[in-house]
Amino acid sequence: MLASSYKDEDGHISVSGSGAAAAAGGGSLRNKKPENTAFKQQRLPAWQPILTAGTVLPAFFIIGLIFIPIGIGLYVTSNNIKEIEIDYTGVDMSSPCFNCSQNFSWNSTKSCTCSIPFQLDQPYESNVFMYYGLSNFYQNHRRYVKSRDDSQLNGNEESLRSPSKECEPYARHDNKPIAPCGAIANSMFNDTLELFYNDPNGTKVQVPLTATEIAWWTDKHVKFRNPGGEGSDLAAAFQGTTKPVNWRRPVYELDSDPNNNGFINEDFIVWMRTAALPTFRKLYRIIQRRNNLLPTLPRGNYTLEVVYNYPVRSFEGRKRMILSTISWMGGKNPFLGIAYITVGSICFLLGIVLLIIHHKYGNRNNGADVSH
Amino acid sequence: AFVHIVMISCYTSLVIFFIPWAAMHDAVRSDGKDVADYQSFALLTQTSLLIVVSAQMFLDTNYWTAINQFFLWGSLAVYISVTFTFLSNGLFFMFTSSFPFIGAARNCLQQSNVWLTIFLTCLLSILPTVAYRFLLIQLNPTISDKVRYKAKEEGQPTPAPYRPPARRVSTRRSSYAFSHSRGYGNLVTSRKFLRLRKPSSLFNRKEAANLCKQLIFCRI
Numbered sequence: 001m002l003a004s005s006y007k008d009e010d011g012h013i014s015v016s017g018s019g020a021a022a023a024a025g026g027g028s029l030r031n032k033k034p035e036n037t038a039f040k041q042q043r044l045p046a047w048q049p050i051l052t053a054g055t056v057l058p059a060f061f062i063i064g065l066i067f068i069p070i071g072i073g074l075y076v077t078s079n080n081i082k083e084i085e086i087d088y089t090g091v092d093m094s095s096p097c098f099n100c101s102q103n104f105s106w107n108s109t110k111s112c113t114c115s116i117p118f119q120l121d122q123p124y125e126s127n128v129f130m131y132y133g134l135s136n137f138y139q140n141h142r143r144y145v146k147s148r149d150d151s152q153l154n155g156n157e158e159s160l161r162s163p164s165k166e167c168e169p170y171a172r173h174d175n176k177p178i179a180p181c182g183a184i185a186n187s188m189f190n191d192t193l194e195l196f197y198n199d200p201n202g203t204k205v206q207v208p209l210t211a212t213e214i215a216w217w218t219d220k221h222v223k224f225r226n227p228g229g230e231g232s233d234l235a236a237a238f239q240g241t242t243k244p245v246n247w248r249r250p251v252y253e254l255d256s257d258p259n260n261n262g263f264i265n266e267d268f269i270v271w272m273r274t275a276a277l278p279t280f281r282k283l284y285r286i287i288q289r290r291n292n293l294l295p296t297l298p299r300g301n302y303t304l305e306v307v308y309n310y311p312v313r314s315f316e317g318r319k320r321m322i323l324s325t326i327s328w329m330g331g332k333n334p335f336l337g338i339a340y341i342t343v344g345s346i347c348f349l350l351g352i353v354l355l356i357i358h359h360k361y362g363n364r365n366n367g368a369d370v371s372h
Numbered sequence: 001a002f003v004h005i006v007m008i009s010c011y012t013s014l015v016i017f018f019i020p021w022a023a024m025h026d027a028v029r030s031d032g033k034d035v036a037d038y039q040s041f042a043l044l045t046q047t048s049l050l051i052v053v054s055a056q057m058f059l060d061t062n063y064w065t066a067i068n069q070f071f072l073w074g075s076l077a078v079y080i081s082v083t084f085t086f087l088s089n090g091l092f093f094m095f096t097s098s099f100p101f102i103g104a105a106r107n108c109l110q111q112s113n114v115w116l117t118i119f120l121t122c123l124l125s126i127l128p129t130v131a132y133r134f135l136l137i138q139l140n141p142t143i144s145d146k147v148r149y150k151a152k153e154e155g156q157p158t159p160a161p162y163r164p165p166a167r168r169v170s171t172r173r174s175s176y177a178f179s180h181s182r183g184y185g186n187l188v189t190s191r192k193f194l195r196l197r198k199p200s201s202l203f204n205r206k207e208a209a210n211l212c213k214q215l216i217f218c219r220i
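Sequence lines, in order, name chains A and B.
The opening position of the first sequence corresponds to residue 1 in this note's numbering, with each subsequent residue numbered one higher.
The opening position of the second sequence corresponds to residue 1 in this note's numbering, with each subsequent residue numbered one higher.
To be clear, the hints were calculated from the coordinates, so they are not data collected in a lab.
There may be inaccurate statements among the hints.
Stated by the list, open to error - Computed cross-link-like contacts, DSSO-like style, restricted to lysine-lysine with a CA-CA straight-line distance of at most 27 Å: (1) K82(A) / K243(A); (2) K176(A) / K165(A); (3) K150(B) / K32(A); (4) K33(A) / K192(B); (5) K152(B) / K360(A); (6) K150(B) / K360(A); (7) K82(A) / K204(A); (8) K243(A) / K110(A); (9) K360(A) / K146(B); (10) K82(A) / K176(A).
With the sequences and hints as input, model every part of the structure.
This is the structure:
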């Protein structure tokens, strides 16, 4: 593949044997000439990648042979991940959450609950992750994504009192600044999901859900900070601000745990990390594994209890709850495995085709019509 | 050629967007947290784009000197350092609203499925170009391809061995012939060629060998 072409070392023809005229002329010209170094005379050693049969064909075959096992590995790993999705929007009349979805109003104090039974056919081992998923929700709309104030969320006092104008029209309400401002914060997901296991002998056991360690470490500890510093009284720190318009409780009452309250509430942080696609899932809770002997979620009947606060029917959205195990490549996504297998086989086939072409037609290179 | 370039550009753009799109659909990190967010998706697409562009430049550069190597690998290194700088804590604290992508590189580029996606995207983008060029060389070789092939078969030409010229077969060449090579300007305009002279006083043997090395059609 390499063709080292050393640029010619022509140098200057020494005209020492010539007449006086040339020597005199050469003496005055020599000041303007660039130095005779390799860099300035463009004589640097060079290298050129050339696509010969000896490199391209083995490369295609090797790539094909590498990609196919990787693809198979990814596909098998993805298939071994267990996942269940439960849509609880309540679109059909037969769905338990139908009444809740119909009777929604913004200032109802009584919250609507519904429970959906489902069953797991296989036991789920190791940590199980509980996500909420939304469809047809465009968190990647440009004005929506810009509608936030990162310095306010970082605990900056000045921004707390006067939010940036990117947050308009969700910056002030009742003549007070909104904390946290912006459309992203205003539309925060506020359903409560709880999981119950129906024991074979009839009792309903609540599955313990962990609400911490669901946001990125850098988000929770660097990007989002509460105003007033650590350990301060949040209600006092947020004095003079008001809650976002569509929230039921102000931001300093999101959780009773002081490490998860205010702006560093992990549900809030997870919501503020806007999704890239209109169908997305966000981590809601983690079900920790108990010990290595018992599966985390044994197979059987379960009940999902929903406190239905979030309206999605108006824009034809859908809500769902997803329970999933995790592997080294993330959640259940067979695309990467299939893509690797496909590209690997295409590469391999292309290599074979090129090999055939090279054998049949490659001898044109030896043609006698190369003039010397 | 324009149509050819437009087709390749369209294909590459579609690949660079849709492969990450499909890979990030409902994807999460290996510890369950989000990776399908806006900033990670942007970073993934951006990184694969940079690598594809660098690879195309690698294929297109004809003479790889040290300068080319420095600039190509240098641009990749600068991209990596700029990404990590823009996404670092320091810049975020200084200019909070301008650098909201904090933490995206650290969290997103640790995931193996992100790197696998980047690898797949880059390969899929470069494969058609490589296959097309290889086919061209096989089916429609240009003369330079054929010369190169022959040169490779015969090995590197050794420098012409120095033999003392047995006979002076007219070492005089017309100034027209000399004027086609570099460095002979002085010689050609020095009026040496106007008069008949004995060849031995015009060139010494070393210069004759030198000159003949340059002229392809010199027979000594």
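Here's how the hints hold up against the structure:
| no. | hint | result |
| --- | --- | --- |
| 1 | K82(A) / K243(A) | violated, 39 Å |
| 2 | K176(A) / K165(A) | holds, 14 Å |
| 3 | K150(B) / K32(A) | violated, 41 Å |
| 4 | K33(A) / K192(B) | holds, 24 Å |
| 5 | K152(B) / K360(A) | holds, 20 Å |
| 6 | K150(B) / K360(A) | holds, 18 Å |
| 7 | K82(A) / K204(A) | holds, 23 Å |
| 8 | K243(A) / K110(A) | holds, 19 Å |
| 9 | K360(A) / K146(B) | holds, 16 Å |
| 10 | K82(A) / K176(A) | violated, 48 Å |
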